[in-house]
Amino acid sequence: MYGMVNRSVEDMVKSAHGEAMWLEIKRRAGVTEDIFISNAGYPDEITYKLVGAASEVMQIPADKILHAFGEHWVLNTARKGYGPMMAMGGANLPQFLENLPAFHDRVALLYPNLIPPRFAVSDRAERSLRLHYYTERPGLTPFVEGLIHGLGKMFETAVQVTLQENRGTGHDHDVFLVAW
Amino acid sequence: MVNSDPDPLPLSAGELDALFPFHLGIGPDGVLTRVGRSLRRLSDCAAAGQPLAAHFEPVRPAEPFDPARLRATAGRLTTIREKQRGTILRGQFQLVGGELLFVGSPWLTNVDDLRSVGLTMTDFAVQDPTLDLVQLLQLQNLAVEDLHRMNDRLVVQSNQLAEKEAQERKLSLVAARTDNAVVITDAERRIEWVNEAFTRITGYTLEEAVGRKPGAFLQGEETDPATVRMMREYLERGESFRVEVANHRRTGEPYWIELEVQPIREPGGRLTHFMAIEIDVTARRRAGENLRTQVGAAQVLAGQIEAGEALARVVDVIGREMNWAAALLWTAEGADVLRLAASRAEERPGAAGFCREMAELRLARGEDLPARVWAEAQLLPVSDLAEHADFRRGPAAIRAGLRSAVVLPVQENGRVVAVIELFSRWSGVPDEARLDALATVTSQLQQFLERVQARTALRQRTEELTRVNSRLGEAMRMKDSFLASMSHELRTPLTGILGLSETLIDQTYGPVNEKQLKYLRIVESSGRRLLSLINDLLDLAKIDSGQDKIEKSECLLDDVGDAAVRLVRFTSNQRRQEFDYRNEVRGLMVNLDRRRIGQALVNLLNNASKFTPEGGALGLRIFRRESELVFEIWDRGIGIAAPDQARLFQPFVQLDGRLARQYEGTGLGLALVKQIVTLHGGRVDVVSAPGAGSTFSIVLPLVGREDAAPAGIPGRAIRVLLAEDNPTNVIAIRDYLEQKGCEVTVAENGIAAVDQAVALAPDVILMDVQMPEMDGLEATRRIRALPDAALAATPIVAVTALTMDGDRELCLRAGANEYLAKPVSLKTLWSTVQALAAERPVPAAGSFAPFAPKGAAGQLSRTAPATS
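Keeping their order, the protein sequence lines are chains P and S.
Per our numbering, numbering of the first sequence is gapless, rising by one per residue and ending at 180.
Per our numbering, numbering of the second sequence is gapless, rising by one per residue and ending at 868.
Excised from the complex, chain S in its bound form (with noise of 0.2 Å):
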């Protein structure tokens, strides 16, 4: 190796200043001898020729500057401030070509440390690696800084995550704990993770489930195949959803969830996972599905519907609501052998093959579980089919896929039948509730059955007695019939009795003497108590057919009471009886039917009268109580015991035996004075005592008007025209009228009737309704269709012996202004008579105004004729 030194460096102080900026040089009294051009910006006064000490101070070794000692340890690592500002200069001094140097650098650590000394970039030597070395102290710092900064999030992180898993863990221990069954899939729908609930719902285990897809080995077909659709579209584009799905647990057996699932996404959306929760429903569903059943089998059994038909829907409805894979209903065929009657099976090969084979099968009692069932009236369920030893159909019912059954009976009054055989694909037993709804539904069926049973039962008598009152109408008819002829046959002579009694008592023709009158009032009472039977007779039998009514007329009620008491208190008085008779509302005008309403009075005083003892004492008082009006009918006589007063209204009763020999009569009375006073809205009261005498009074509400008395007769005789065939009749009545000084005129048929009523305008027409020739009521519709206004208006009074329902609507129809009914009294006749004749004003010249009937108090009402 050649050592050769080079020549000294030829460095000019430029070239120093380039090299070394912060330079100085000390001369050997320790004056410095030159200062470099960076280090001069540093210290405004360091300068040549001053002491080094004067600007600088050593730092670093700490002895005072010598020169003598500083070139003896020269290129040792020195650093010395300027004092100017403090600035620390890092170097070493060194002798160069034997002068004593300082070389160095401003010793920065920080970017404070720069700005402080008021240097720039160029004031560095290029070489210089001070500005680089603070820059990698920059860097340090922001390095460290960086790391605060990370070791700042990773607290925070590491704090949410603590907070996450605590949460986590709660969550997990919720999850594992829930009733609900919890599934944790992963993107691809595999399982990662199932809870204790998932067991125990489907049977299988956490390790089972793990990297299975849950559908493939849970879902059933009865799950809707759009919701199957709708699931695996929202899976797919991994999004949440909430459906109802059937699924399969271990056993085989179907159960229903309510399946809720929610993406995972990881916090920049990629999804991870998915959760599922599933809520078993199966219970719920299974509520449903009985209700259903009861209720579609209520409807069913509500139809009017034969009961075969009503066994083999309820059947159908059981199958299709409560989704049995085989439904099948067994009716007896004789008294010893099950048939297939009806049958319902699953969208399935396997069951609808079962049913068809059953069709041809006949089960004798006790064979098989339907035989059983009907022998023992029990329901039977079946969990194992393969395990049962009575069930003999097992090949048929594997090959359709049947595992268990239940069997009901169908009773109808404690006999069974039918029977009811239902199927499941799955083994085990319904729940309690299932066959609760089963039990209910065959109630429901028995109830029917009976009911259907008892209907027919019920149409039957109904048919039988529908004939049998067809016969007692037809018997009715002939009866009404035979009376009305009866009673026109009876009246007729009647009438001729009673009127040629009546005239002979009055004396009309001169004097008898005491005899034959005593004679003649008999003849004339046997003659009033053979009508007074007839009457009672003829108003039973309307009683007994529902037709009796009540035709209601405005008349003074005076002479309603004065007409009853004139015809008891003969009779009383033959008995010595005294007789009361107090009317306190004279006057008044009532609306009633003055034939019935006396009728009562009659009846009831005829009873007070018979049960007095001569000599005793009764009456009729007649009186207003608020709106009521009362007809109070006493006796001191013997009085009715409290017991017998109820059974008092009921017809043909009398309440003794012996009464009734001892006192005449038919027992139909008091049922007739009932029905009388009802049907005017009255009523009967009864206050009596035995051996205190009674009190009955007849109450009616009341609707007349107190009034005064009608007015009086025309003051000229009246023109009567009689159209009568019966010459009997028409003595009685002409000789009658005339001696009240009427002028009468017999027509002895209707044509003739017409005829006189145009030749003499008479003021009233008397009309009997059955004649030769011409009848009463068409010769009333020819005098209502005469073109003369006055003549077609002449008041007729229909006189007739036609006495049934209707009759009085029937001459009222054809135009008669008032209708009597034979044997016609001749004081209510006289009395019409002047009513009627009242009513119709006399025109000076002789002619008629037109009858209008006048409505106005103090008036009788009239019905308006008929202008048909």
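For reference, chain P alone in the conformation it holds in the complex (with noise of 0.2 Å):
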């Protein structure tokens, strides 16, 4: 993953608990790294490890912590690391979700090295759309719930997510129905 992910995960932590909390996270996790450069490329593990030590030292579960990562990704890191695609990504959720896929597309170009997951668009009705989720990684569903409930907060629109079908129960992808 990119640099930008793990200094999400830092950001929350010390904006949340502080210094201290981070430095003794990042020592559970065994990473050594003093700074995370944005655009650099690091290994999947040493977000796990993160999130898993985070999960540790604060004792809150590792879904949980995703989750309010993912939300925490939507309304403080994506908007200033993705900005101009955030801007234009649309003037309202359901436009956002259903720019999603082409947004991504973009992504995978600027970052070549970067493995981004894959989203698509079906059953849009009025107030409601389903959301497929493609990825290599595992273990992340809980940040893309955190991430759409974030999306809501920064278009201020109540939104449920359902998470209809699951990679974990034998699905190729997952699936969320999100309801506005």
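What the hints contain is simulated information worked out from the structure, not anything from laboratory work.
It is possible that part of the hints are untrue.
Listed next, the stretches of chain P that the computed footprint assigns to chain S, with coverage defined by at least 3 CB atoms under 8 Å from CB atoms of chain S [stated by the list, open to error]:
hint: 1; segment: 63-74
hint: 2; segment: 78-92
hint: 3; segment: 104-114
Only pairs whose alpha carbons sit at most 16 Å apart, straight line, appear in this in silico EDC-like list of lysine to aspartate or glutamate [unchecked claim]:
hint: 4; chain 1: S; residue 1: K213; chain 2: S; residue 2: D186
hint: 5; chain 1: S; residue 1: K822; chain 2: S; residue 2: E489
hint: 6; chain 1: S; residue 1: K552; chain 2: S; residue 2: E809
hint: 7; chain 1: P; residue 1: K80; chain 2: S; residue 2: D112
hint: 8; chain 1: S; residue 1: K213; chain 2: S; residue 2: E236
hint: 9; chain 1: P; residue 1: K80; chain 2: S; residue 2: D113
hint: 10; chain 1: S; residue 1: K518; chain 2: S; residue 2: D506
hint: 11; chain 1: P; residue 1: K80; chain 2: S; residue 2: E489
hint: 12; chain 1: S; residue 1: K827; chain 2: S; residue 2: D506
hint: 13; chain 1: S; residue 1: K674; chain 2: S; residue 2: E632
hint: 14; chain 1: P; residue 1: K80; chain 2: S; residue 2: D146
hint: 15; chain 1: P; residue 1: K14; chain 2: P; residue 2: D44
Heads up, the beta-carbon is just placed ideally off N, CA and C, and yes, glycines get one too.
Mind assembling these two chains? They're in different frames, but the hints should get you there.
Printed below as a string of structure tokens:
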């Protein structure tokens, strides 16, 4: 993953719990990097270790941390790091969700070394749609849920997210029913 | 190459919108012919039919829009501004199928621009990279931001590093210059750095130490194995610890350090180094060893042990506490040879073997180190045995690993009696403190040996004295026995002489003429002088044996003073001396030994008369001074010089040999006076000057009570039973008492006395002690054992010539109420009889109430009769 992701985890921990907590999580995770460079690639393992150590140190289940991280990503990190695209992604939540596939297509072009997830939209209705999430990385379903909730907050729209299909239960991708 | 122009693209308005959503069509008159879909979102008013210049303005080139010129310069990079929002459009004018078109996109450089134009992703043609360009710029911004962040961090870290380096430089300086050794090792405990003190203490340089493990080349085997194990465990766990261990210098010499080891870890916790601080505590430990040695030696020498054992044990203490490899004790065998008396070796085979080899050795005076010290009596430190010419046991010492020695003489009364030889495995001379400690211990030994010698001499002297004393004691017992026997033999006839003389002088049986009276008085006076001489000799015997004791009882002070005056007045009258007697405390009851105080008064009064010329004056004044009773005996005699006054009370001293011839006396009088008064808790003061007379004061603590004289005798004849076997004494006593109105019955032995006591129920029994058939003591016991309580309580006065110490107690224990020593004064006897009879109530029916002693004021206090 790009350093921006790990930086985001760092920002989230520091803003909520302070520098000492972050150092302890890093020590527990065995991560020695002092600074994460936003546009440099890091092994996925680092991110997973950081999340695992944060769960141990803060005594919060990992899926809750990932969910919170999803919201934090949208509301803080992505708005900064992907500002232009976030700004042009849509004027409202459904528009943004519909643009999400194209969004990630562009991200793939800009970050040639990144393997970004892939999104698709189906069953577009007046107040709902199905969001399909394809990825090689395991265990990030709560992160995407948090991400959608974060978008709801960004567009000031109440949103309900239902995981309808799950990679963990034998499907090849996750399917979320997003209603607003 | 085939150059074939394809047909013109059939491009519909919709396709043009899809490819270029921000396009404009401009007619020859400068009027807009078409406006692209996304451009319409930017500029609400722009629409076909309106002049281009109404809604847009040129930016670059800046010339006003001129359709002809625009056509001519088609294809050139052009920027124009949409007037409503001010959005810059980047593109080109182009002739397409004869129509002048402007195709371009909004020129956006940041997110704020994007937001301000109100466009979304779908407003751009898919092939339009504008959004990607903005995103790239954003990434560029992010990268710059990262760089700033890193730069900030670097600045902070750089500052911290500089600060740390400054601190480390200071610490390094401290570590390098400190007196304590500092060692830095890696995690594998191999030395990376040591300071100067390390080199100073160990002798190893930094270069020699680097890469080596400290334990491998420094650690000594003296360190407790448990400590070594503990150190290893702590090091393996990477924990700090503090221990005291023995190390060896480069020379091999052992030294002790207090070692503190701290692990050094990276911020992540990885152990990278150990730092050790080593404080040389050798001097402290040696001071402790010195002290323990001195204390240990003192403890050994405090015991009651024989000299040889003491020496061996002290050498053992020295060897053990100071960790000598071997400690040897050499003592003299004859006048010229030393031999090994004891030894102690450390727990190593070498030293022990050396000691064994020495056991058979004999060293002649001056030969080898011990014999040299024996001869020279000087402490000898030897720093290197191999180099010392006098040391002749080199091979054995080298085999044992011994390198240096200290040899000490042990002296007794200036003579060397033993030599202590101490060996070390290290070359060099012990420090001054250690040599001082050793000198102290040998001094302790010297004092001990001299004490032992003195004690031995004292014991021998004491044994000799004990033997002499024992012989003297035996002689004293024989003398006492002789004196007791002689005093009895002398007193018995004297009783007859004095008693009958007194009777005749009293003219009891009719008048005698003047001459007869004069002779009788001479007889009586000679008898009394003889009696006085006997008494003084007897008292002298008692004083000599320390057996003189006083027998206090309550008595009327008047009797004591009057009796003494009566005895002396006769003499003073003869010398025509004026005698002034003043008793200022008449009627005072006092508790004292009446006979002894009387004796003292008579002695002093006799002296006063004796040393006062005929016709002179003397006197006795008795008075009370606060809580003291004072008998002041004064004279206007020859007086005593001040230097002689101190010798007055020494026995057998007469101050002037001429006086001894002029004034008769034994020289015992004043010594007796002082003895008697001292036994009463009093003192004798003297005020005198030659030619001015003397004043002797007997000062006694006053314990008596002022009171009336004793009650008078009952109104009838007192019945007296006189148990006495000596006819002379019977005549004297019986006649005197009968003359006083008593009824006197005589019993000649103890059996008769008991019988008569039962038959007559006398008021008082006078019981001689030494009588045939049954002695007075047995008779007294039998009377006390009579079934009739009144008879058993009859007052009994023991009258006896038994006057040795303890005789009085003997009589009282047998049951006597009073004790009178022969020759008894008849007047004293009479007053005693009166007093006892007065205390005995006379029952109306002729039976007597049991005798009960009274302690009340005004009554004589008598000793209760014994019941056994």
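Going through the hints against the structure:
1. 63-74: Contact hint for the segment 63-74 of chain P vs chain S: violated, 0 residues under 8 Å.
2. 78-92: holds (count 11)
3. 104-114: holds (count 3)
4. S:K213 x S:D186: holds (10 Å)
5. S:K822 x S:E489: Holds - the C-alpha atoms of E489 (chain S) and K822 (chain S) are around 11 Å apart, at most 16 Å.
6. S:K552 x S:E809: holds (13 Å)
7. P:K80 x S:D112: holds (12 Å)
8. S:K213 x S:E236: Judged against 16 Å, a Cα distance of about 14 Å means the pair holds.
9. P:K80 x S:D113: holds (15 Å)
10. S:K518 x S:D506: holds (12 Å)
11. P:K80 x S:E489: violated (146 Å)
12. S:K827 x S:D506: holds (12 Å)
13. S:K674 x S:E632: Answer holds: K674 (chain S) to E632 (chain S) is near 14 Å, not above 16 Å.
14. P:K80 x S:D146: holds (13 Å)
15. P:K14 x P:D44: The given pair, whose Cα atoms are some 21 Å apart, is violated under the 16 Å limit.
When held up to the earlier numbered hints, the structure conflicts with 1, 11 and 15 and fits the remainder.
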